[in-house]
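Produce the entire structure from the sequences given, and follow the hints as far as they go.
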Amino acid sequence: GVIVQGDTTSSYLCAMAAFYLKIPVFHVEAGLRSFDLYNPFPEEINRKQITTVSELHFVPTEIAKQNLLNEHVDSKKVFNTGNTVIDALFQIRNSEKYNRSKPSILEEIEPSQKLILVTAHRSENIGKPLRSILSGLIDILNRDDSRLVLLPVHPNPKVREIVEASEFSHKRLRVIEPLDYLSFQHVLDRSDLVLTDSGGIQEEAAALGKKLLVLRKTTERTELINNGYTKLVGSETKLIAKEANKMLMSSDSKSSFNPYGNGDASEKIVEIISSVYYS
Numbered sequence: 043g044v045i046v047q048g049d050t051t052s053s054y055l056c057a058m059a060a061f062y063l064k065i066p067v068f069h070v071e072a073g074l075r076s077f078d079l080y081n082p083f084p085e086e087i088n089r090k091q092i093t094t095v096s097e098l099h100f101v102p103t104e105i106a107k108q109n110l111l112n113e114h115v116d117s118k119k120v121f122n123t124g125n126t127v128i129d130a131l132f133q134i135r136n137s138e139k140y141n142r143s144k145p146s147i148l149e150e151i152e153p154s155q156k157l158i159l160v161t162a163h164r165s166e167n168i169g170k171p172l173r174s175i176l177s178g179l180i181d182i183l184n185r186d187d188s189r190l191v192l193l194p195v196h197p198n199p200k201v202r203e204i205v206e207a208s209e210f211s212h213k214r215l216r217v218i219e220p221l222d223y224l225s226f227q228h229v230l231d232r233s234d235l236v237l238t239d240s241g242g243i244q245e246e247a248a249a250l251g252k253k254l255l256v257l258r259k260t261t262e263r264t265e266l267i268n269n270g271y272t273k274l275v276g277s278e279t280k281l282i283a284k285e286a287n288k289m290l291m292s293s294d295s296k297s298s299f300n301p302y303g304n305g306d307a308s309e310k311i312v313e314i315i316s317s318v319y320y321s
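For the sequence shown, the residue numbers in our numbering are 43 to 321.
Since the hints were derived computationally from the structure, they do not count as laboratory data.
Check before you lean on any hint, since a few could be wrong.
What the hints assert, rightly or not - Distance windows between CB atoms, simulated: (1) Met291 / Asn269: 17 to 25 Å; (2) Tyr223 / Ser316: 26 to 34 Å; (3) Phe83 / Ser154: 15 to 23 Å; (4) Ser316 / Lys213: 20 to 28 Å; (5) Glu209 / Phe83: 45 to 53 Å.
The beta carbon of each residue, even a glycine, is placed where N, CA and C say it ideally should be.
This is the structure we're talking about:
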């Protein structure tokens, strides 16, 4: 069998290649749906297509499971295991390697500064939406001198070109190279607010109890919206600034919210595949 994870185009192509060769496909992080084929694009269509050729579906939540049942997927082939994203998060934070890997960028941030971590890379946000997001960040910074934005820029040259434009230059908007996983976790841990269009980072931020805003029109992590943990702010400059300012001004701390598993998804997946196919 072939295990494919997530909804990237490479995952979709791998699933199709395995299907053409009549090799069973096992889908990890199955059942996520935004119900909008163009948001996120092309991930929504990718994951729907992966579902059609998968033999086993490992979903992270009950909502994801119900999504597949609504699409008439055989319930005997759907398993709620939690998400491997949470496995990695818990595992790395309990490792000695994590304690030795604090990035130098954090040494440049004063303890009194409020750190806003931003990631934006979705194809639907490239262009005018990304410019609007950056304008929102400038507005957030101009409201309080103690705020600092850290923006690890995506390798996509179209993203980099916009982010590095002089119109978005600000002494407290720090554009840095992409961070490795360990370094990113340290920065996430230090952050007072997270703004992202990433799916996995939504899960990580919520699991760590970080204040969070989603830079998208839709999200397949509907648990976070239904619970009231976060809000969708899209790419609207005024809405981003308004909601971010509200969260930063609030003295209320977030309690961690983690419907995505206990850190043992990988073990459950291995056990299920072994029992179904190799026992």
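Q: Hint by hint, work out which the structure violates, then give me just those numbers in ascending order.
A: Of the numbered hints given earlier, those the structure breaks are 3, 4 and 5, listed in rising order.
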